[in-house]
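Peer 1: Protein chains in written order, with my numbering: chain Z, 1 to 389; chain G, 1 to 296.
Hint data in this document are derived by calculation from the structure and do not stem from the laboratory. Wrong hints could be hidden among the right ones.
[Said to hold, decoys possible] Pairwise CB distance ranges, derived in the manner of DEER restraints:
hint	chain 1	residue 1	chain 2	residue 2	range
1	G	Gly-89	Z	Met-131	16 to 22 Å
2	G	Leu-49	Z	Ala-364	33 to 39 Å
3	Z	Gly-249	G	Gly-131	53 to 59 Å
4	Z	Tyr-15	G	Pro-240	32 to 38 Å
5	G	Ile-295	Z	Gly-130	55 to 61 Å
6	G	Thr-113	Z	Gln-342	39 to 45 Å
7	Z	Asp-190	G	Leu-49	39 to 45 Å
8	G	Lys-43	Z	Gln-85	27 to 33 Å
[Claimed, not checked] In silico DSBU-like pairs for lysine-lysine, Cα to Cα no more than 35 Å straight-line:
hint	chain 1	residue 1	chain 2	residue 2
9	Z	Lys-182	G	Lys-223
10	Z	Lys-71	Z	Lys-143
11	Z	Lys-138	G	Lys-115
All residues carry an ideal CB built from backbone N, CA and C; glycine is no exception.
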Amino acid sequence: MNIHEYQAKELLKSYGVPVPVGGVAYSDQQAAQVAEEIGGNKWVVKAQIHAGGRGKAGGVKVVGSIEEVQKTADAMIGTHLVTHQTGPEGSIVQRVWIEQASEIKKEFYLGFVIDRGSQRITIIASGEGGMDIEEVAKQAPEKIVKEVIDPAIGLLDFQCRKVATAIGLKGNLMPQAVKLMKAVYRCMRDKDALQAEINPLAIVGNGADKLMVLDAKFSFDDNALYRQKAITEMRDLAEEDPKEVEASGHGLNYIALDGNIGCIVNGAGLAMASLDAITLHGGRPANFLDVGGGASPEKVTNACRIVLEDPNVKCILVNIFAGINRCDWIAKGLIQACNSLQIKVPLIVRLAGTNVEEGRKILAESGLSFITAENLDDAAAKAVATVRG
Amino acid sequence: MSVFVSKNSRVIFQGFTGEHATFHAEDAMKIGTNVVGGVTPGKGGTTHLGLPVFDTVAEAVAATGADVSAVFVPPPFSADALMEAIDAGIKVAVTIADGVPVHDMIRLQRFRTGKDTIIVGPNTPGIITPGECKVGIMPAHIYKKGNVGIVSRSGTLNYEATEQMAALGLGISTSVGIGGDPINGTDFTTVLRAFEADPETEIVVMIGEIGGPQEVAAARWAKENMKKPVVGFVAGISAPTGRRMGHAGAIISNEDDTAGAKMDAMEALGLYVARNPAHIGQTVLRAMKENGIAIK
Chain Z
1 MNIHEYQAKE LLKSYGVPVP VGGVAYSDQQ AAQVAEEIGG NKWVVKAQIH AGGRGKAGGV
61 KVVGSIEEVQ KTADAMIGTH LVTHQTGPEG SIVQRVWIEQ ASEIKKEFYL GFVIDRGSQR
121 ITIIASGEGG MDIEEVAKQA PEKIVKEVID PAIGLLDFQC RKVATAIGLK GNLMPQAVKL
181 MKAVYRCMRD KDALQAEINP LAIVGNGADK LMVLDAKFSF DDNALYRQKA ITEMRDLAEE
241 DPKEVEASGH GLNYIALDGN IGCIVNGAGL AMASLDAITL HGGRPANFLD VGGGASPEKV
301 TNACRIVLED PNVKCILVNI FAGINRCDWI AKGLIQACNS LQIKVPLIVR LAGTNVEEGR
361 KILAESGLSF ITAENLDDAA AKAVATVRG
Chain G
1 MSVFVSKNSR VIFQGFTGEH ATFHAEDAMK IGTNVVGGVT PGKGGTTHLG LPVFDTVAEA
61 VAATGADVSA VFVPPPFSAD ALMEAIDAGI KVAVTIADGV PVHDMIRLQR FRTGKDTIIV
121 GPNTPGIITP GECKVGIMPA HIYKKGNVGI VSRSGTLNYE ATEQMAALGL GISTSVGIGG
181 DPINGTDFTT VLRAFEADPE TEIVVMIGEI GGPQEVAAAR WAKENMKKPV VGFVAGISAP
241 TGRRMGHAGA IISNEDDTAG AKMDAMEALG LYVARNPAHI GQTVLRAMKE NGIAIK
């Protein structure tokens, strides 16, 4: 689960991490009011969507008057912001964050990730702030610093000093950096975050140098939301694909793709492999859909309905290798789906595993015209042939 | 011999009296698994399926000599149950649960440092040595005894590969599912090492997915340390970047994470690579013929 920048900043602030003075606004009048309240003579208006790349797409503007804050907020709110991460349709901006503009002297990158190699939380930092860390990793990997954190001991001061020194945070900035890193680590651990990315972390101020978080991105572990009530309340369903949200409500894992062969498979690995088999036969899958274990007739019907809501779908490939599942349940579910949804597109069905004979018999005796397949290759070939006509 | 579990394993179920544990304990016993009891806190002293129930793993181990645990405990409590198994001296613990918080796994992996318990999972179908011992939820009837070791992230793709091999007359020595999560208790390399040491295994199939570095790390280990041939496949050539494809661990975050990049690396490291998920069985057969390995 991801959250907005303003939520990330509020969360970090609650851990004592310095963030700019700011506030969120849902309308242009409210934006003007927020700017008035926070004071100053220069503000940043930032469109709040989950996708990155907002700056280049016009979603971040620095303005010098309250009128301009209002005008900019008005122009942003309600529009679809298209960035390199949103896809061509963009994401609708429903709120903006307004903060006092900072005098930026230098920018840094500071990320906390779960490193799959060491199986521990790891700091990734770089003196090249504001840039994509992936770009830095490609062009100048020597500029990236990594520090692995022992979960039993936690992040130690000396580790923070190592990172700070390596990216060039010296003098009075070093103790600030230590405090900030330890706070972000505590926040990540307490809140079951999978990633905390601060980009940029900046040295700001006219007088004494001060470290400040100018942008922050968090993602959280969906599997831990049961114990993270406050985080769960930050979820913004408008940022998620409504079909994926609906599917997950039915215990289905659905991801829309851009092809025309609908897919209903059990198990994530076999689902991926089924898409691969279609692709290798020259076809294009319309979706990924994992029905999971214990697929009841209702679940199968819901799966068919969700797949068929995509108007591009010309046929559906059903590939079930039943372990905990049972082929007879799946067969009954398919018949129920055909009858209740009046499915017009061809269904290619491959059943294997537990109760496969019963399942095949139920399909054969249904009087409905399923295209049955012997194995994965056969199923993919038949699905692609069906679409080609 | 076999890998991790055999007819000599003494198996307990944690969360024994639950619906799924009951079903799979009965199924495991049908193929000859030596189930010796189970643990359900609060139900110690009762019996279930004719076997003793204990309050703690330590009691179960003391009374039954159990050395393998099938952990059928819901995700929020899985890590605790696994650490209890480690503490009690269990040799192999398999956790089926899908949805264990990642931070719990980070703590668990730290807890087991220096201890020799093998943790398999989470989010796995488990381990099966055909005809001897099943610790998991896979359909036992598709696994025939043979000399191919199989290790995979995905359950259903493991079944798929097993069926393709069975159709060609190839059987399995042991099947290990390491699970689809970003942090696995046991990685591919550990399982390859076990297969290399197992006299009943003559060839190994490794089935990976997009996301993370461990398929390539295991292939590198195999090149440097294994005499037995390894066949590789990686699912997800058609997966878009940045999307979790069902499994929490199956996400492309950089160029090295793609299925294509992993299979290229495997091939460069000398593995036999099935580029098509429908060709896993025939690729194993080809590798066996080229290496003079008899079909069993």
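Peer 1: Could you check the structure against the hints above and give me the numbers of any it violates, in ascending order?
Peer 2: 1, 3, 6, 8, 9, 10 and 11
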